[in-house]
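Participant: Respectively, the protein sequence lines represent chains A and B. Numbering that gives the first Met the number 0 numbers the first residue of the first sequence as 0 and each following residue consecutively. Numbering that gives the first Met the number 0 numbers the first residue of the second sequence as 0 and each following residue consecutively.
If you are wondering where the hints come from, they were derived from the structure by calculation, not from laboratory data. Treat the hints loosely; a few may be bogus.
[What the hints assert, rightly or not] Computed spacing ranges between beta-carbons, pair by pair: (1) Arg127/B <-> Gln431/A: 27 to 37 Å; (2) Asp94/B <-> Leu12/A: 49 to 59 Å; (3) Ser355/B <-> Gln431/A: 51 to 61 Å; (4) Leu249/A <-> Pro55/B: 36 to 46 Å; (5) Gln431/A <-> Gly154/B: 50 to 60 Å; (6) Arg90/A <-> Gln192/B: 51 to 61 Å.
Ideal placement from N, C-alpha and C gives every residue a C-beta, glycine not left out.
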Amino acid sequence: MRWGLWLALGFLLCFLALPLGTLLLRAFETPQGGFAGIANFRTYATTPALLAAAWNSLWTAALTAVIVVPLAFVFAYALTRSCIPGKPFFRAVMLLPLLAPSLLPALALIYLFGNQGMLRGLLMGGSIYGPAGIVAAQVFYCFPSAALILSVALSTADARLYEAAAALKASRLRIFHTVTLPGARYGLVSAFVVVFTLVVTDFGIPKVIGGQFPVLATDVYKQVVGLQDFNMGAVVGIVLLVPAVLAFVLDRWASRQRAATMSGRAVPLRPAPRAARDGPLLALCLVVIALLLGIVGTAVWGSLIRFWPYNLSLTLDNYDFTRFDAAGWGAVWLSVRIAAVAAVLGTAIVFVVAYVLERGPQQGPLPGIGRFAATVPLAVPGLVLGLAYVLFFNHPANPLGVLYGTLAILVLNSIVHFYTVGHLTAVTAIRQLDPEFESVGASMRVPVWVTFGRVTVPMCLPAILDIAVYMFVNAMTTVSAVIFLYGPDTKPASVAMVHMDEAGQASAAAAMGVVILSITVTAKLAQLALGAVLGRASQAWRR
Amino acid sequence: MTLALPDTAAVTAAAARRGETYLTVDELGKQFGTFVALHRVSLTVQTGEFVTFLGPSGCGKTTLLRGIAGLDPPTTGRILQQGRDITHLPPSERDFGIVFQSYALFPNLTVTANVAYGLRGAAWPKPRVRDRVAELLGIVGLADQRDKYPAQLSGGQQQRVALARALANEPGLLLLDEPLSALDAIVRQHLRQEIRSLQQRLGVTTIMVTHDQEEAMGVSDRIVVMSRGRIEQIGTPADIYDRPASPFVASFIGHSTHFDAVVDSSVGMVLAHGVRIAAQAARPLLYGARVKCFVRPEHVRLHRGDGAPAGALTARVTGMEFLGPVCRVSLEAGRLHLLAAVPPAELAALDIGPGSVVEASLPAERVMVFAEDV
Numbered sequence: 000m001r002w003g004l005w006l007a008l009g010f011l012l013c014f015l016a017l018p019l020g021t022l023l024l025r026a027f028e029t030p031q032g033g034f035a036g037i038a039n040f041r042t043y044a045t046t047p048a049l050l051a052a053a054w055n056s057l058w059t060a061a062l063t064a065v066i067v068v069p070l071a072f073v074f075a076y077a078l079t080r081s082c083i084p085g086k087p088f089f090r091a092v093m094l095l096p097l098l099a100p101s102l103l104p105a106l107a108l109i110y111l112f113g114n115q116g117m118l119r120g121l122l123m124g125g126s127i128y129g130p131a132g133i134v135a136a137q138v139f140y141c142f143p144s145a146a147l148i149l150s151v152a153l154s155t156a157d158a159r160l161y162e163a164a165a166a167l168k169a170s171r172l173r174i175f176h177t178v179t180l181p182g183a184r185y186g187l188v189s190a191f192v193v194v195f196t197l198v199v200t201d202f203g204i205p206k207v208i209g210g211q212f213p214v215l216a217t218d219v220y221k222q223v224v225g226l227q228d229f230n231m232g233a234v235v236g237i238v239l240l241v242p243a244v245l246a247f248v249l250d251r252w253a254s255r256q257r258a259a260t261m262s263g264r265a266v267p268l269r270p271a272p273r274a275a276r277d278g279p280l281l282a283l284c285l286v287v288i289a290l291l292l293g294i295v296g297t298a299v300w301g302s303l304i305r306f307w308p309y310n311l312s313l314t315l316d317n318y319d320f321t322r323f324d325a326a327g328w329g330a331v332w333l334s335v336r337i338a339a340v341a342a343v344l345g346t347a348i349v350f351v352v353a354y355v356l357e358r359g360p361q362q363g364p365l366p367g368i369g370r371f372a373a374t375v376p377l378a379v380p381g382l383v384l385g386l387a388y389v390l391f392f393n394h395p396a397n398p399l400g401v402l403y404g405t406l407a408i409l410v411l412n413s414i415v416h417f418y419t420v421g422h423l424t425a426v427t428a429i430r431q432l433d434p435e436f437e438s439v440g441a442s443m444r445v446p447v448w449v450t451f452g453r454v455t456v457p458m459c460l461p462a463i464l465d466i467a468v469y470m471f472v473n474a475m476t477t478v479s480a481v482i483f484l485y486g487p488d489t490k491p492a493s494v495a496m497v498h499m500d501e502a503g504q505a506s507a508a509a510a511m512g513v514v515i516l517s518i519t520v521t522a523k524l525a526q527l528a529l530g531a532v533l534g535r536a537s538q539a540w541r542r
Numbered sequence: 000m001t002l003a004l005p006d007t008a009a010v011t012a013a014a015a016r017r018g019e020t021y022l023t024v025d026e027l028g029k030q031f032g033t034f035v036a037l038h039r040v041s042l043t044v045q046t047g048e049f050v051t052f053l054g055p056s057g058c059g060k061t062t063l064l065r066g067i068a069g070l071d072p073p074t075t076g077r078i079l080q081q082g083r084d085i086t087h088l089p090p091s092e093r094d095f096g097i098v099f100q101s102y103a104l105f106p107n108l109t110v111t112a113n114v115a116y117g118l119r120g121a122a123w124p125k126p127r128v129r130d131r132v133a134e135l136l137g138i139v140g141l142a143d144q145r146d147k148y149p150a151q152l153s154g155g156q157q158q159r160v161a162l163a164r165a166l167a168n169e170p171g172l173l174l175l176d177e178p179l180s181a182l183d184a185i186v187r188q189h190l191r192q193e194i195r196s197l198q199q200r201l202g203v204t205t206i207m208v209t210h211d212q213e214e215a216m217g218v219s220d221r222i223v224v225m226s227r228g229r230i231e232q233i234g235t236p237a238d239i240y241d242r243p244a245s246p247f248v249a250s251f252i253g254h255s256t257h258f259d260a261v262v263d264s265s266v267g268m269v270l271a272h273g274v275r276i277a278a279q280a281a282r283p284l285l286y287g288a289r290v291k292c293f294v295r296p297e298h299v300r301l302h303r304g305d306g307a308p309a310g311a312l313t314a315r316v317t318g319m320e321f322l323g324p325v326c327r328v329s330l331e332a333g334r335l336h337l338l339a340a341v342p343p344a345e346l347a348a349l350d351i352g353p354g355s356v357v358e359a360s361l362p363a364e365r366v367m368v369f370a371e372d373v
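Based on the provided sequences and hints, a complete structural model is requested.
Facilitator: What follows is the structure, given as C-alpha cells:
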C-alpha cells in the first residue's frame, strides 16, 4: 500500500505538479529565458486589450450564471419535488449538451441567427457574434451541470422538516423560503460557481461565435498559437487560473457546508401530486427540453444541408470529411482510440489511487498531499493544463519529452484534466464499503490485493463504469485541453471541428460535432445497458 | 489435526493448556495526537479464557482490542502472545480471528465464500475447504443457508456467518468487537449464550469488547472494567459486582445509591447528611476522612416501625416504580436520598405508598465505602 501511495504521488507529480510549476516559472521569464520578475504581468496590466478580455470573461460568465441557475433550479425542482410524468426522459435529454463539444450549440446558433441565419430578423439588427451569442450558447452548454448539482441538492430533503412546518401552519410560500431554499442554498452556490468556471474556461464557444469579442480563453490561444508568445500565454493562463481557483475554493466550501447540514436519519420526502404546481412545471420542462432538442436538432439538420441557406436540399456530403481535412474520418477514429485508452487506463489509475489514499496507511503527510493533489485538476482550466504540458514536455531538457506529439500525451492530458470528478466518484463508492474489509482480510492472512480484487472492485463496478464513461465522453468532446498538444498525425476530431469552422466549413464542423455526439450517446447508452446487466447480476447481494 | 473430530480434539488440547498465560499486555499506551486513549494498561489472559473489556464509550476498550489485533499499533508497551512479542507485527502475521461490530461480511460473496475467504494456499485444497466450511456452518447452525448472500440473512444469521468466518483458520485467539450491539434485545440474549457455549466447546481464548454490562456479566470468565483509558478493575463478574475496586466500578456496574459522607468518631460508622450509618468498610479509615458511599437498592431492607432492627433509619417514601420482579422505592431519610428494591409481595405486606413513613436498614457489610483522594 505504501508503495502504491508513492506511485500515485509520482504520477500526480509528473503529470500535474511539474507542468503547472513550469507554467508558473515561464510567466516570470523573458523570451530569452532570463528572470523577468513581474515585468510580464506589468505588460499585461498595461495592455488595455488584454484587460478588456479579462473583464469580458468575467461579466459574460456572471451573466450566464444568473440566467442558468434559476432556470436549472426550477427544472431540478420539477424533477425532484413534483409529480410530473416523464421524469426519466427529462433527466436523460437534459444531459445532451454534456455529450457534445461546446462548439456544437454555438454552431447551431450561427445557423439560426448568424449572418445567413434563418431567424436573423428576430435580433432586430443586433449581432449574434459576440457577447449575445456567447451567453446564449453557454446557457445551453452549462444547463445540465447546474441542473445536476441542483437536483442532488433538492433530492436530499428531510420530510420531517416539511411536516413540522405544515403542522405549524406555515403557508407554502413560507415553507419554500424557510425550508426549501435554505436546504438548497449550498447547492445554489455550487451551481453558480460551477457555471461561472465553465464559462470562463471554455474555449470552443467564444472561438466559434465570439467574433471580435475577446475573452481570456481565446487570448491564451491567440498569444500562444497566433503570436507564439509563450511567456505572455503563461501570464494569461495564470490570470485564467485565478477565477477558476477562487471558484474551486468557494465550491469546496459550499459542498463541505452541505455535507454538514445533511443528517443521516433524514426521512426522504415524497412529493404528493398537486395540479397547480405540477402543471406549470411540466410546461416549463417541456419548453426547456424543446429548446435543448431544438438546438441539437438544428446542428444535425445543418450538417445535412447542401449549402446553407441557399440550397436546403439534404445531403451526406458534409460527412465526407476527407473533402475538408486531410485526416478525414481518421480524426474520428483517433479520438475514439484516445478516449478509449483514457477511459480504461484513466479509470484504473483513478480507482487504484483513490483506494490507496482512502484505505492505505494514513500516517504522515503523504495521504493528505495525495488527496489535495487529486482535487487540483478540477481548478485547472483545460487551456492552462494544455499550455503547461506544452511548456513542460516540450522543454529540451525533459526526459519525458519523448511523449510530446504522441498519442500518449493526449491520453495522459485527458486523464489528468478530468481526474477529479472520477476521483470523487471513486472515493464516494469506496467510502460506502465497510471500513473493516481489509482488516478482516488481514486477520485471515489474505493479502490486501486479493481483497481489493474479490470484494472492492466488484462492489464498486457501477462507480467504475461511471468513471470510465465520464472519461470517455470528456476525452471525446474536449477541445481546450488538447488544442495545444496535438501533432500533425494526432489531430483529434474535436480539434478538426475547430479547424473546419476556422476554414469557413461550418456544415462540415457541424457534421463532425454530430458524429462525436453520436459516439458519446452510444457510449452512454452502452453504460445504461451494461449497468442494467450488472444490476441484475448483483441483485441478490444488493438487497 | 483431524477434521472429523475437531471439537473433542480442540477441547482436550485446550484443557491441557488451560491456566497457562496466553496473552500478556504490558504497560500498553496509545496516543492519538495529544489525546491519550490508553494509559499504560497491563493485563494477562489465560488460555481458553473468556475475557471482556467493559466500559462506557470512549474508555479505550476498542483501542485496546485493535492494538491486540495489530489494526492500530500502540504507541508504547508490549504485547506477548504465547511468549512471542507481537507488538509491532502487522495483523497478517498474527494469530487471531475477529468479528467486527458491523460484521464486515463481504456482500458480494455467498455465505460459503465468506467463510472460506481465509482458507487459501497450498494447505487448503478444494475438498478440504469444502469440508471445513460445511463443518463450520454446521457448528453455527447455518448449513441450509450456504448459498445465500449476507443481505438475504437476518442480523443474527449474519453474526453467525461472521463468527464462522473468524473461526475458519482455527485461530488461537478470537476477538469480538461489540459483536451483539447491532442486534435487537431478544436475539442478543440468545446469541450471547450461543457464543459462550461455542467458545467453551472449542476452548478458544476469547476477548470481547462491550459496553453492555449484562452481556459482560453473562458470558465472561473475567471482566476488565475500563474508564478513560485506564483499567479500573479486573475480576470475575461476582468480584466486580460485590467488591468494586473504585467508585467508578461501583457506580458503573449495577444500580446503586451514592452519597458523600465523613468517617464518624465511633468505629465503623459514617455520617452522611447528618444521618449516622454503620459501614464495616469504614473501620480502617481515620476519623474525619471524606468518603464516597454506595448502597445497592436490593441490599436496603424496609421494615414496619415496630419490627425495625437497631440503627434503622426512619424514612419517607417519595416515589415508587413498578419494574416487574421488584418495585423500586425512593426514600428520603432527612436529607439522605436512598433507593430500595423490594419484591412486590413484600411491599404489599408492608402496606406502604408514597408519603408513608417506613424504617430502612442498610446492612453494615454491604455499604461500599471509598476514601476520597485528597
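Participant: The structure should be examined with respect to each hint, and the outcome stated for every one.
Facilitator: Outcome of the hint check:
1. For arginine 127/B and glutamine 431/A, the hinted distance range of 27 to 37 Å is satisfied, since their beta carbons lie about 35 Å from each other.
2. In this structure the supplied range 49 to 59 Å is violated for aspartate 94/B paired with leucine 12/A, their Cβ-Cβ distance being about 40 Å.
3. The hint said 51 to 61 Å for the Cβ distance between serine 355/B and glutamine 431/A, and at roughly 60 Å that hint holds.
4. Restraint check, leucine 249/A to proline 55/B: a C-beta distance of roughly 42 Å satisfies the suggested window 36 to 46 Å.
5. At roughly 19 Å, the beta carbons of glutamine 431/A and glycine 154/B sit outside the given window of 50 to 60 Å.
6. Arginine 90/A and glutamine 192/B have their C-beta atoms about 52 Å apart, which keeps the hinted 51 to 61 Å range intact.
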